[in-house]
Amino acid sequence: MIKRVLTTCPYCGVGCGFYLDVRDGRIVGVIPSRSNSVSKGYLCVKGWHAHEPVQHPDRLKKPLIKENGKFKETTWDIALDYVAKRLKEIKDKFGPDSLAVCTSARCTNEENFLMMKFARAVLGTPNVDHCARTCHAATVSGLNQSFGSGASTNSYDELPSMDCIMIIGSNPTEAHPIVGWRVRTAIDNGAKIIVCDPRRILPAESASIYIQHYPGTDIALLNAMINFIIEENLQDKEFIEKRTEGLQQLRETVKDYTPESVKDITGVKPQLIKEAAKVYATSKRSCIMYSLGMTEHTVGTDNVIAMANLAMICGQVGKEFSGLYPMRGQNNVQGACDMGALPNVYSGYQPVTDEAVRKKFETAWGVSLPSNVGLTLTDMMLRAVEGRLKCFYIIGEDQLRTDPDTHMIERALDNLEFIVVQEIFLSETAKKADVVLPGASFAEKEGTFTCAERRFQRVRRAIEPISGKTDGDIIAELSKRLGYAMESRPKKICDEMASLTPLFTGVSFERLEENGLQWPVPDKNHPGTPIVHKGEFRRGKGKFIAVKHRPPAEVPDSRYPFILSTGRILFHYNTGTMTSRVANLIREYPRNFVQINPSDAKKLGIKKQEEIKVKTRRGELVVLAEITDKVKAGVLWMPFHFSNEPTNVLTNSAYDPVCKTGEYKVCAASIEKLK
Amino acid sequence: MKRLFITAENLCILIIKLKRDCDEFIAPKKEHLDDIIFGDTKDDGGELLDYEGNSIISTRAFFLPQTEPFFEISSAKNSDFVPIEDKKKRLFYGIRPCDVKALVLMKKFFIEDGFVDIPYKQKVENSTFIALACAKRCLEKSFCHKMDAGPLAKEGFDLQLIPVSRGYLVEVGSKKGSQIIKKNKKLFSNTKTQDEKEIKQMIKNFAEKVKKIDYKRLARIMKEDKVGHKIWDDLGLRCVICSGCITLCPTCSCFSVTDRLNGDRGVRFRYCDGCPYVGFTKMAGGSIPQPLHKDHIRRFFEHKLNVDVERYGMPSCVGCARCIQTCLGNINIQKFIDEVLAS
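Chains as they are written, first to last, in my numbering: chain C, 2 to 676; chain R, 779 to 1121.
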């Protein structure tokens, strides 16, 4: 029996479409869909192997309950009864605010909506968040202030026709390869590429201008570009006049940032900054593509605002072939945000503090809802360390490997009274749980994911859930046990979500069949919105907000003389729970490594592939040395994909005060040879 | 070669009869929007009698799937395993000539060239192939006619259908094929002069203003290492190791074997492998004989256009353009060939 099931890739936020090739119940391959408007028959190496982890024998099949420190397999009934009982006990004893829920950017929109509802309506806690906190929360907070909407402004298909693409803090080739293909096509079509990155990534090789600034100096760089643009009178006066406000303050602030004056901070020749500014400002079709290189800083929100300022001053936003492209890291991190899996909003970014909004949800759900803003993931961990948070319900998230400063996270988790983890493999965080509930992979469920161009797309079931239940089923069954019946059929959940969310009113499974829909979709017949802020920004006028360079929380000193930055590589995905179970992928990169400049390696007598110790104030790790001039002298770079050699024991949990995203991209480190 | 004629209506009847004699009837099927993919239509129907273009995946996916389980391991310690065998009888309908030629080349590698791959051989022996000639070029980028792989298949099929205005001409390519004809005699009739004229015109239209590639000269240039280094450098910068080319190529034969285990239990399977990966030729001690990425992608080109010309007397690129269609670096093998031959 051969089945071809069209679905959406479970890896990054690009949202590629492929068929799962199912033969006699076994998924044997992946077939790209040429008709999919996102991927058009293209896939990356992870996508081509997306089927492999699904039926891996390591998959969790039965619920696990920890007894005397050891997991024992049990039945669904026993496990769910126990979880329901404990959740109720803790809620009764310590109050609902002692509970927290972490939903999953890997799960569907419907499951995120359900879990958000479960937290607020059933547990009665405002504490719901997910991993966008550790990646693009700065995009939401930054772009919201500048434009009134915290998502990508334009669509992928405009990229090949751009005249100038400025890629800053993003590595599309490795992290978002199908967008990387569009960048490649733009280059082949003659576009000028400006790459600003502490590492000489592949697009830098074909770039017109490559700026290798120090990690954590983006605002200085961007402000200097704006300064030069104003100085040279290259700004779009008409756009500024008609569509923006607050220029005066920005003008004052950027006076202090000339290409010359930021030379020492950024480590970039003034001429390069001037050239980049000129190319961006004078090209007819310019856009900015960015990613976690901009957001994972203590100044993440300000970084995003600085880019918005640059786009607005040149009139390169709010029209076709322009804008800001925040490249989202996970298949459904856009969707998890959209579904209100955030402590301050319901679905469609409706504030929890807005009484009319809360009333609407209370009426629909027939319960009273918490009126306060809940804890962010970052605060949940801090509260847990303090002992004020008692219980954590986590779906598809491995905080012990993904959050900065692993040792602190371990202390937080150890301090909790009760942890439930819903997972497909026994992750490091799952090992800390009291109960592990086996979830379902993308291939086992119906639903939708929303990709980085705000496109809802269908996810379809190829095989029955290996554990017998999808994540949505589990939530609904727990809810029932806690005395609140919830709809668990994905299509119906989608309808409920649409009926409560003005931004997505026109979304339904039927309408997504062909090629999805890009939000906003304000009514049932609305065709979707490929370009946002056309004619008018969502907030009315675009707002210039003056931001200043602030150094990272930790800067090199004599004890820790290097800047350590972290990121992704092509062959792995996040903590490697899936990619480490794919033969081709793990063979390419079986171990963690640190990139170091040849001059630094020479000074320290380090040879290639030698095991060396990387140390920071928070921890140390032995990894292989990769000597490469892709990083500047004084800079180290490590990926974070290896669960048994976890980079995040080193990273800094200092966070952006607005969005609470940790500073993964910069900390001070030292390296030592092993004796 | 003597040809017969069959009407579209009779072809439908033939298909119904053929479906009775196989476990899976693999035929082109329309999936989402314009996607065409070979699938099993035995029970549910939906095969395209004739179609424009080609299947996204080639028939290779049925003989060498991306991952192919060999046996379940019930205990690695005790060497207990249960074989997973594929003994299904398959009829392949509507395969394009490029893919038929690819099957001929793959047969050389997997069965005829000294070493016999048993799972591959079993599946081929249990299969019947009905080719469907191309009335016009499919993908804009395809170049089968330049690689001597279209619009008609020359060998490797049991039957070949050639679309003409009043139905299909039928060529017999094997004993299996002539048995099908014999069994269903009434469905076939003789051809008319007009049909043959149409085919001639079709071939003429297909190959208009096209010069076949001088693949011997091409192989010689590559063998003598006379390809401009800029060409290899550019390929090295473009290839981002998506593995799409080696997965979709109908003649890529490389694979590796591994176990997927959870403790003592699991499954042994083979998986498609190939040139772009660094790990493909990594030595046990970790050394990589060809460390530069451009040399990995060069391996792909050398194998198709140079090594196989020496080994089989013909290149193993059939011009289907699937690799071009899926390359994230916009690498175009036809452009490569043209550039090398022009140099």
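In short, the hints are calculated from the structure, not lab data. Small disclaimer: the values here were computed from a predicted structure and weren't measured. Possibly wrong hints are sitting among the right ones.
[Said to hold, decoys possible] In silico contact screen, one side only, chain C against chain R (beta carbon under 8 Å); selected entries: (1) V358; (2) F362; (3) P552; (4) V556; (5) D558; (6) V623; (7) V624.
[Claimed, not checked] Calculated pairs, EDC-like style, for lysine to aspartate or glutamate (alpha carbon to alpha carbon, straight line, at most 16 Å): (8) C/K604 x C/E589; (9) R/K1060 x C/E276; (10) C/K71 x C/D355; (11) C/K41 x R/D821; (12) R/K808 x C/E74; (13) C/K4 x R/D822; (14) R/K867 x C/E478; (15) R/K1072 x C/D435; (16) R/K866 x C/D25; (17) C/K41 x R/D812; (18) R/K1008 x C/E276; (19) C/K67 x C/D380; (20) R/K1113 x C/D98; (21) C/K264 x C/E246; (22) C/K432 x C/D189; (23) C/K4 x R/E918; (24) R/K865 x C/D25.
Think of the CB as a built atom: it goes at the ideal place given N, C-alpha and C, for glycine as much as any other residue.
Evaluated hints:
1. V358: 37 Å, violated
2. F362: It is violated, given that the least Cβ distance between C/F362 and chain R is near 35 Å, above 8 Å.
3. P552: 34 Å, violated
4. V556: At about 34 Å, which exceeds the 8 Å cut-off, the nearest Cβ of chain R leaves the hint on C/V556 violated.
5. D558: Violated: closest Cβ of chain R sits about 35 Å from C/D558, beyond 8 Å.
6. V623: Constraint on C/V623 not satisfied, violated at 17 Å.
7. V624: 15 Å, violated
8. C/K604 x C/E589: Distance ~29 Å between C/K604 and C/E589 Cα, so the pair is violated.
9. R/K1060 x C/E276: 42 Å, violated
10. C/K71 x C/D355: Given that 16 Å is the threshold and the Cα spacing comes to 45 Å, the pair is violated.
11. C/K41 x R/D821: 30 Å, violated
12. R/K808 x C/E74: 44 Å, violated
13. C/K4 x R/D822: Answer holds: C/K4 to R/D822 is near 11 Å, not above 16 Å.
14. R/K867 x C/E478: The given pair, whose Cα atoms are some 44 Å apart, is violated under the 16 Å limit.
15. R/K1072 x C/D435: The hint is violated at about 50 Å.
16. R/K866 x C/D25: Between R/K866 and C/D25 the Cα gap is close to 11 Å, so the pair holds against 16 Å.
17. C/K41 x R/D812: Holds, at roughly 11 Å.
18. R/K1008 x C/E276: The hint is violated at about 28 Å.
19. C/K67 x C/D380: 26 Å, violated
20. R/K1113 x C/D98: Violated, because 64 Å separates the two Cα atoms, which is more than 16 Å.
21. C/K264 x C/E246: Distance of about 30 Å is beyond 16 Å: violated.
22. C/K432 x C/D189: 48 Å, violated
23. C/K4 x R/E918: 29 Å, violated
24. R/K865 x C/D25: Between R/K865 and C/D25 the Cα gap is close to 13 Å, so the pair holds against 16 Å.
The structure is inconsistent with the numbered hints 1, 2, 3, 4, 5, 6, 7, 8, 9, 10, 11, 12, 14, 15, 18, 19, 20, 21, 22 and 23, although it conforms to all the rest.
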